[in-house]
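Respectively, the protein sequence lines represent chains C and G.
Using the numbering used here, you'd call the opening residue of the first sequence number 1 and step up by one each time.
Using the numbering used here, you'd call the opening residue of the second sequence number 345 and step up by one each time.
Quick caveat, the hints were computed from the structure, so don't treat them as lab data.
Keep in mind that the hints are not guaranteed to be accurate.
Straight-line Cα separation of at most 27 Å, BS3-like style, residue types lysine-lysine; simulated pairs [stated by the list, open to error]:
| hint | chain 1 | residue 1 | chain 2 | residue 2 |
| --- | --- | --- | --- | --- |
| 1 | C | K321 | G | K777 |
| 2 | G | K641 | C | K195 |
| 3 | C | K189 | G | K815 |
| 4 | C | K255 | C | K234 |
| 5 | C | K327 | G | K777 |
A few chain C residues that face chain G, going by a derived Cβ cut-off under 7 Å, partial list only [stated by the list, open to error]:
| hint | residue |
| --- | --- |
| 6 | E48 |
| 7 | E67 |
| 8 | N314 |
Even for Gly, the Cβ is constructed at its ideal location relative to N, Cα and C.
Here is how the chains run, residue by residue.
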Amino acid sequence: MNDMTPIAKTTPKDWETDQEVRWCPGCGDYAILKAVQRTMPEIGARPENTVFVSGIGCSSRFPYYMETYGFHTIHGRAPAVATGVKLANPELDVWIITGDGDALSIGGNHTMHLIRRNLDCQVLLFNNEIYGLTKGQYSPTSREGTRSPSTPFGSVDHPAKPCAFALGAGGRFIARAIDVNKNLPAVLKAAYAHKGTGFVEIFQNCIVYNDEVFGAFTEKTNAATNQLWVEHGKPLLFANGTKGLAMDLARLTLKVVDVVDGDWEAVGVAVHDQTNRGLAHMLVEMPFGAFPMALGVIYDDPAPTFEEAVIAQNTAAAQGKTPDLQKLLSQGQTWMVDKQPHEI
Amino acid sequence: MATAAHTITPQEASANPPAESIVVRFAGDSGDGMQLTGGQFTLSTALAGNDLATFPDFPAEIRAPQGTLFGVSAFQINFGSTAIETAGDAPDVLVAMNPAALKTNVGDLKPGGLIIVDSGEFGDRNLAKAKYAVNPLTDGSLAKWQMLAFDISQLTLESVKPFGLGNKEALRCKNMWTLGLALWMFDRGREPIIAWLKAKFAKNPTLAEANIAALNAGHAYGETAELSGSGLGDARLRQHHVAAAPAEPGLYRTVTGAEAISLGLVAGAQLADLPMFFGGYPITPASAILHHLSRLKEYRVTTFQAEDEIAAIASAIGASYAGQLGVTSSSGPGIALKGEAMGLAIMTELPLVIINSQRGGPSTGLPTKTEQSDLYQAVYGRNGDAPMPVIAACSPSDAFEVAIEAVRIATQYMTPVMVLTDGYIANAAEPWKVPSIDSFAPFPVEFMDAAPESGFLPYGRDEKLSRPWVKPGTPGLLHRIGGIEKQLGTGNIEYGAANHQAMTNMRRDKVANVAVPDQVVAMGESSGRLAVVGWGSTFGPIHQAVRRGRRKGLDVSHIHIRHIWPMPKNMEALLKSYDKILVPEMNTGQLKTVLRDQFLVDAKPLNKVSGQPFRIFEIEQAIEEMLA
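The whole structure should be built from the sequences, with the hints applied where relevant.
Below, the structure is given as structure tokens:
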């Protein structure tokens, strides 16, 4: 790490392992893997300095396919393992790979606390709204009425919204992307550039158990009308600039407005401000259908990170103290026995 | 066991008369400060040169309703002029601060023992709360004991009058008044307590002075009352002199098990030349370790209070993966939650120390009471064939060495190690001869930082069957680990039948071959008619019971096991050299089962799961029955 000789720039190929990728043919995970491998050279990451930590599920096999350090842990616990890794060595780039079940069901607690503490790492949540590895049960992000082996009559519970959850937990970087979309590397780059927990929900198609579940906005025919890629400082426009999002001041919420002749200002289309937490809440909570799907970097407003705070406190507390184990053992109320033992 | 320094030989033990010792129990409402009183009395007793053992016994409720039977908190101390190994069977002296404390404790008092009560607390209301129909101080029901009853509450109020405290605050000094009296009774110095009070109330000198005044008043009361010799009920207050216990020369301090474990972990990390990462989650009685370690940042210690027990162990595993010494600590229910992650540490072969401060179970059980019922959980409690070394501390001071031993095994063998202690060891205090850190051989960890000539194998093996420890950040040694079965050598995912057999055998053999010292006999001979085999905090009562048996001429020996898994290599031959084996345990027979399973020996159980430690006589009786 501390070698001062210039290091040759890596290529996407340098980030591929010799392991056979074992996802189903046509799985969205392949596209995400490629996007990550393409992104790593561009952000100047070093393989030996990079750790991928995952939980359990289809997505969590990811570390085996990255030529980096990797830790495939147990179901739901990747954030906790990653916290230990980063606290032990803050120099490492830590990426957490997880899924909707892993991050929001069994590991919901850890996801919440990771984000609340703001550990400097990237969380890539592959959301396919289904349990793939266990053969197709509904997941915490599945929509009401999802029929699956465990819900033959349709699921009845309300789905979790990953980005709303992350924002509610205190997240400082919230983004959304799509497995096969060309913008994914740009979103990953932004997440990496953000100091703190970079939370990225990636809509990922499960071709076997939940094919086309995101088709309403990922299909080519729907993409333009139903995807809204937000960009800091740019108006919130979609449908080729014919529609936009404006503030409904009476109800303190967003509303869809028609934009005529590109004059978005005339109808009050809001300009995206990625540091506006209130706007971020509205963008991630918009019900799809009545509204488009907000994608891209929705919120990015850095705050001090957990590992920095821990290290600063450790350093401050140790300041001026010389560790002397023998002295430590001899602390408290002590007394000397100076006589030789005698028989009793 | 009080200190390892005492020079009592088995011969001496069987030849000499019983030790002179006194057992005092302080009992009061959980708000009366009995643990504090006991702790300070312990300190001055240690400073007086007595050997001692203590037993804090308190309710799980933080502030149980005042005056109730279930709100009674007690602290027992056994001290004497010879080796003290238990907190004592029956108290000689009971200090009862209210009717409930009297009612719940007087039954344990030795016949003829002394009761000291605060008569000021024996009003109708408190008597009713303790479910006394009539005042026991006046109805003759306590006739078989001596009793000293006086109005401690009133005497305290008078002694602190000059400081202008409110009634409630003034009465809070009662415990110091009582402590003053106890210090006088046993001829202990007040100076360390006064110094402690001044430090404790540094920000409120008035409170410090009031407490000191109460302490002095209690002490003076004893002196005066002895001189006048009257008016204190049917007993006479007198002073007891307990000579200092012989001890090896050196520097001593008092230590609790939680302190000793924390210090041992710090020492172990230093001997391994590693920074330590401690992931914990609050749980009784394990939290004290997290508290101690969180103050030791200058020793390269990071403490992390995680969101739950699973995150506590998972973060420790992550830290170990990144090259620190990962440590986690809990008690039974929390250990249960950590089970899956232990399997991950076993599968990924990362060092990890897991401390289990056992308490009464199952489920929430008895959080503040002691038990040894997590031995099965420690040895067998994971999915799959998941072998893991298990070692047990037998006393507060022993916990220091055990913690170092755990770090040694974890780092040398790349394995999680479980340390078993219990609530009794964690909370109890005893004198400890401060060890010289130079007397421990360092075992520095060597990380692999470059591929060997034969090529890098993440799951390659050294002569101990240990795999290399590679820190992320090391160029040229990129690899992936995880909980899925891995290929021998490469560590790549591999589900093959022969490979799983080979890897399972590898994990088994690695742990089975952990080098542990031969089992020694704690007292007695290495063969004979009866071996009493114990582990953990039952050391004291077993040792005393065996000593008493040997004094009576019985052929009985004491074996105390530190290394529960793997067992010492000589264990089988040693056990089989006795005609009979008795295994006293504070559970329903868990070590007994392991011994039977491992060595096909007819180990007989002696079990107690009352939340209280064994009494010496209980084990003594069982020994006599076995040899009858």
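### Query
When you check the alpha-carbon spacing of K189 (chain C) and K815 (chain G), does it fall within 27 Å?
holds, 26 Å
### Query
Do the alpha carbons of K327 (chain C) and K777 (chain G) lie within 27 Å of each other, as the hint requires?
Holds, at about 13 Å.
### Query
With a cut-off of 7 Å, does the beta carbon of E67 (chain C) approach a beta carbon of chain G closely enough for the hint to hold?
Status holds, d = 6 Å.
### Query
Regarding the hint that E48 (chain C) lies at the interface with chain G, is the smallest CB-CB distance below 7 Å?
Constraint on E48 (chain C) satisfied, holds at 4 Å.
### Query
If you take the shortest Cβ to Cβ gap from N314 (chain C) to chain G, is it below 7 Å?
holds, 5 Å
### Message
So if I understand the rule, the pair passes when the alpha-carbon distance is 27 Å or less; does K255 (chain C) with K234 (chain C) pass?
### Response
Holds. K255 (chain C) to K234 (chain C) sits at ~17 Å (cutoff 27 Å).
### Pair hint outcome, K321 (chain C) versus K777 (chain G) [Cα-Cα no greater than 27 Å]
holds, 25 Å
### Task
Starting from K641 (chain G), check that the Cα of K195 (chain C) is at most 27 Å away, please.
Holds, at roughly 25 Å.
In this structure, every one of the numbered hints holds.
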